[in-house]
Amino acid sequence: MDDIQKMSIEFGCEPANESFARVAVAAYAARLNPTVEEISDIKTAVSEAVTNSIIHGYYGRKDGRIIVECTIKEDKLTVSVSDRGVGIEDIDKAMEPMYTTRPELERSGMGFVFMEAFMDEVTVESTAGEGTIVKMSRRITSDEQINNDTCMAVGYN
Amino acid sequence: MEIEDRNLIIHVGKEIDHMEAERIRADFEECYMRRNIKNVIFDMSEVEFMDSSGIGMIIGKYMKVRYVGGKVFVTGVPDNIDRILKMSGIYKIVTKRDNIFQALRSC
Ligand SMILES: Nc1ncnc2c1ncn2[C@@H]1O[C@H](COP(=O)(O)OP(=O)(O)OP(=O)(O)O)[C@@H](O)[C@H]1O
Ligand SMILES: [Mg+2]
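Sequences listed follow chains H and B, in order.
Position 89, counted from 1, in the first sequence is what this note's numbering calls 89; the numbers after and before it change by one each time, with no gaps.
Numbers given in this note's numbering equal positions in the second sequence, counted from 1, plus 1000.
Quick caveat, the hints were computed from the structure, so don't treat them as lab data.
Glycine included, C-beta positions come from ideal geometry on N, C-alpha and C.
Keep in mind that the hints are not guaranteed to be accurate.
As the list claims (entries may be wrong) - Covered, in the sense of this in silico footprint (three residues per stretch, anywhere, with C-beta under 8 angstroms from a C-beta of chain H), are these stretches of chain B:
#1 1018-1029
#2 1043-1051
#3 1076-1090
If we strip away everything but chain H, and leave its shape as in the complex, we get:
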């Protein structure tokens, strides 16, 4: 392995794993000394991608697996969330604000809007019937004095 910083976790499509995934990524990102706001942004973005895999990718299925991989290069955190679910037919359309295929589940079509707002870069690769990979990255400004607030935001309390 050339990338000794790399972290990956795999889990089933149970909603309880959404909070597990975002806390795990936040804890991993903590080594870059992010600010409380950066941690909050990363958690929201990860939560969006993982929730999408569960709700859309594996809709009505219990056997789906989700993989979250993270790397850090210098001050940049990269997170990828992948599933082998139904995939997305039209990615551009899916990323439009307020576009949702599940209004009956009270979904509002804001997930990709938040991912794009909170991360520097978001790319989506998806093939209908095969699955989806969402890759996101964020430069961390590095808050020198990592404080109790950050530890709490990470979920280290």
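Given the coordinates of chain H, work out where chain B with the ligands should sit on it, guided by the hints.
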């Protein structure tokens, strides 16, 4: 959840994600079926985390009460949560108040 007249006050938990949104939705449905609810007040003062599941859930409650001329309020909104609410455009349909008392006065 508390009910004052036709106003339903919902104390939202620390993290409004998929699971918490479903829990609130189920509680709301139960109250809504039994009581003649008009306005809904979300007390957000304890919220530390929110994602789009929270936005969809709040919009869903607005869709229900607007037919009876009801309003939806959010109160005690922390700054980081306010940022997400603003970004979603939800303030076009939901009113922000400092606290529950002020929201009740606007009902
Ligand atoms: N992993 C995925 N697999 C299949 N379809 C997906 C996936 N992620 C997103 N989509 C599609 O893209 C659409 C838009 O996603 P987005 O997260 O922006 O909104 P939403 O999930 O529908 O609503 P919200 O996130 O506001 O609850 C979804 O409605 C769904 O059709
Ligand atoms: Mg979504």
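Hint check:
1. 1018-1029: Per the Cβ count (5), the hint holds.
2. 1043-1051: holds (count 4)
3. 1076-1090: holds (count 4)
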